[in-house]
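Chemist: Line by line, the protein sequences are chains F and L. Residue numbers 6 to 121, in my numbering, belong to the letters of the first sequence in order. Residue numbers 547 to 662, in my numbering, belong to the letters of the second sequence in order.
What the hints contain is simulated information worked out from the structure, not anything from laboratory work. Watch out, some of these pointers could steer you wrong.
[Claimed, not checked] Distance windows between CB atoms, simulated:
#1 Glu614/L <-> Pro84/F: 43 to 53 angstroms
#2 Ala566/L <-> Tyr44/F: 35 to 45 angstroms
#3 Ile558/L <-> Glu47/F: 47 to 57 angstroms
#4 Pro554/L <-> Lys61/F: 41 to 51 angstroms
#5 Asp620/L <-> Gly21/F: 39 to 49 angstroms
[Unchecked claim] In the DSS-like style, the derived pairs of lysine-lysine whose C-alpha atoms are separated by at most 30 angstroms in a straight line are:
#6 Lys61/F <-> Lys629/L
#7 Lys617/L <-> Lys557/L
#8 Lys629/L <-> Lys590/L
#9 Lys590/L <-> Lys561/L
#10 Lys73/F <-> Lys561/L
#11 Lys73/F <-> Lys61/F
#12 Lys608/L <-> Lys10/F
#13 Lys42/F <-> Lys590/L
#14 Lys76/F <-> Lys61/F
#15 Lys608/L <-> Lys108/F
#16 Lys42/F <-> Lys557/L
#17 Lys561/L <-> Lys61/F
#18 Lys73/F <-> Lys10/F
#19 Lys590/L <-> Lys10/F
#20 Lys629/L <-> Lys76/F
#21 Lys73/F <-> Lys42/F
#22 Lys108/F <-> Lys617/L
#23 Lys624/L <-> Lys42/F
#24 Lys590/L <-> Lys73/F
#25 Lys624/L <-> Lys108/F
#26 Lys590/L <-> Lys59/F
#27 Lys108/F <-> Lys557/L
#28 Lys59/F <-> Lys42/F
#29 Lys608/L <-> Lys557/L
#30 Lys10/F <-> Lys617/L
#31 Lys10/F <-> Lys59/F
#32 Lys590/L <-> Lys624/L
Where is the CB? At the ideal position from N, CA and C, for every residue including glycine.
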Amino acid sequence: DQQVKQNSPSLSVQEGRISILNCDYTNSMFDYFLWYKKYPAEGPTFLISISSIKDKNEDGRFTVFLNKSAKHLSLHIVPSQPGDSAVYFCAAEAVGSNFGNEKLTFGTGTRLTIIP
Amino acid sequence: EAGVAQSPRYKIIEKRQSVAFWCNPISGHATLYWYQQILGQGPKLLIQFQNNGVVDDSQLPKDRFSAERLKGVDSTLKIQPAKLEDSAVYLCASSSRPGTGGNEQFFGPGTRLTVL
Numbered sequence: 006d007q008q009v010k011q012n013s014p015s016l017s018v019q020e021g022r023i024s025i026l027n028c029d030y031t032n033s034m035f036d037y038f039l040w041y042k043k044y045p046a047e048g049p050t051f052l053i054s055i056s057s058i059k060d061k062n063e064d065g066r067f068t069v070f071l072n073k074s075a076k077h078l079s080l081h082i083v084p085s086q087p088g089d090s091a092v093y094f095c096a097a098e099a100v101g102s103n104f105g106n107e108k109l110t111f112g113t114g115t116r117l118t119i120i121p
Numbered sequence: 547e548a549g550v551a552q553s554p555r556y557k558i559i560e561k562r563q564s565v566a567f568w569c570n571p572i573s574g575h576a577t578l579y580w581y582q583q584i585l586g587q588g589p590k591l592l593i594q595f596q597n598n599g600v601v602d603d604s605q606l607p608k609d610r611f612s613a614e615r616l617k618g619v620d621s622t623l624k625i626q627p628a629k630l631e632d633s634a635v636y637l638c639a640s641s642s643r644p645g646t647g648g649n650e651q652f653f654g655p656g657t658r659l660t661v662l
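This is chain F alone, in the form it adopts within the complex:
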C-alpha cells in the first residue's frame, strides 16, 4: 500500500523556469510533510518541510504548497538552476500520538533535470 505517491518519475525544465513537483498521499494521519533532494551516490538531504496546519511554506527559491482536502502537496522551485538536477523525494510523517517515533514514509521520487 503506497501511502505517499509521486506519479511523475521524471521531469525536465528549462533553466530559469519554474519546476513543479507533485506528491499525493492517502493517510489522513500524516501531519508533517518533507521534501528531500538526492544526488547520485549521496544520501538524501533535507530541503523543506510543512506542517499540516499550514498551506504554504517558503524558503528562498523553494516553496511547498499543501492542499489537505485533496491530500496533495507540491514543491515549486523558482528559478530553476542546473544544480537543482537531482531526484526529489516527498516524505510524510505522523507525529500525533507517536511521540519519539516519527517514522518517515517516502514516495518513489521524481528525477528533475534542468536543461541549460
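Please arrange chain L on chain F, whose structure you already have, making use of the hints.
Modeler: Same frame as chain F, but now just chain L:
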C-alpha cells in the same frame, strides 16, 4: 560538523552469505535510523533507535536482519543469510530532536549491496 558516516560504500556477496554494515551518526544525535532503498523506490524504514533502545522495527525482516546500537552511538546492521532481493542501498540517518515533527533527518551516503 561531521556528517553521518557509513562503511563500506559498496559490497558484493553471494546469496546465503552474511554481511554487516556500520554507521556512525552525527555526534549528539540520539535517534538513529536504518533505511533500505531498492532501485526505483523511496527509502523504507527498517529500524529506528532512540539512544540504544529500539523504537520501531516493524518493517525489519527479523528472520534474517538484525541491528544493534551499542552505547547509543555507532550502529551495525547485519543480514544473514542474504537473498537476491536484499540488493539495495542501505541508508543510515540520524536526528537530534524527536517529537517535534518535521524534524530533519541527516543521511549518510549509503552502502550499495549487490547479492549475486
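Chemist: For each hint, tell me whether it holds in the structure or not.
Modeler: Outcome of the hint check:
no., hint, result
1, Glu614/L <-> Pro84/F: 43 to 53 angstroms, "holds (47 angstroms)"
2, Ala566/L <-> Tyr44/F: 35 to 45 angstroms, "violated (26 angstroms)"
3, Ile558/L <-> Glu47/F: 47 to 57 angstroms, "violated (20 angstroms)"
4, Pro554/L <-> Lys61/F: 41 to 51 angstroms, "holds (42 angstroms)"
5, Asp620/L <-> Gly21/F: 39 to 49 angstroms, "holds (45 angstroms)"
6, Lys61/F <-> Lys629/L, "violated (44 angstroms)"
7, Lys617/L <-> Lys557/L, "holds (26 angstroms)"
8, Lys629/L <-> Lys590/L, "holds (17 angstroms)"
9, Lys590/L <-> Lys561/L, "holds (22 angstroms)"
10, Lys73/F <-> Lys561/L, "violated (45 angstroms)"
11, Lys73/F <-> Lys61/F, "holds (11 angstroms)"
12, Lys608/L <-> Lys10/F, "holds (27 angstroms)"
13, Lys42/F <-> Lys590/L, "holds (16 angstroms)"
14, Lys76/F <-> Lys61/F, "holds (14 angstroms)"
15, Lys608/L <-> Lys108/F, "holds (19 angstroms)"
16, Lys42/F <-> Lys557/L, "holds (24 angstroms)"
17, Lys561/L <-> Lys61/F, "violated (48 angstroms)"
18, Lys73/F <-> Lys10/F, "holds (15 angstroms)"
19, Lys590/L <-> Lys10/F, "holds (14 angstroms)"
20, Lys629/L <-> Lys76/F, "violated (37 angstroms)"
21, Lys73/F <-> Lys42/F, "holds (23 angstroms)"
22, Lys108/F <-> Lys617/L, "holds (22 angstroms)"
23, Lys624/L <-> Lys42/F, "holds (27 angstroms)"
24, Lys590/L <-> Lys73/F, "holds (24 angstroms)"
25, Lys624/L <-> Lys108/F, "holds (21 angstroms)"
26, Lys590/L <-> Lys59/F, "holds (26 angstroms)"
27, Lys108/F <-> Lys557/L, "holds (27 angstroms)"
28, Lys59/F <-> Lys42/F, "holds (22 angstroms)"
29, Lys608/L <-> Lys557/L, "holds (21 angstroms)"
30, Lys10/F <-> Lys617/L, "violated (37 angstroms)"
31, Lys10/F <-> Lys59/F, "holds (20 angstroms)"
32, Lys590/L <-> Lys624/L, "holds (16 angstroms)"
Consistency with the previously given hints fails for numbers 2, 3, 6, 10, 17, 20, 30, ordered from lowest to highest.
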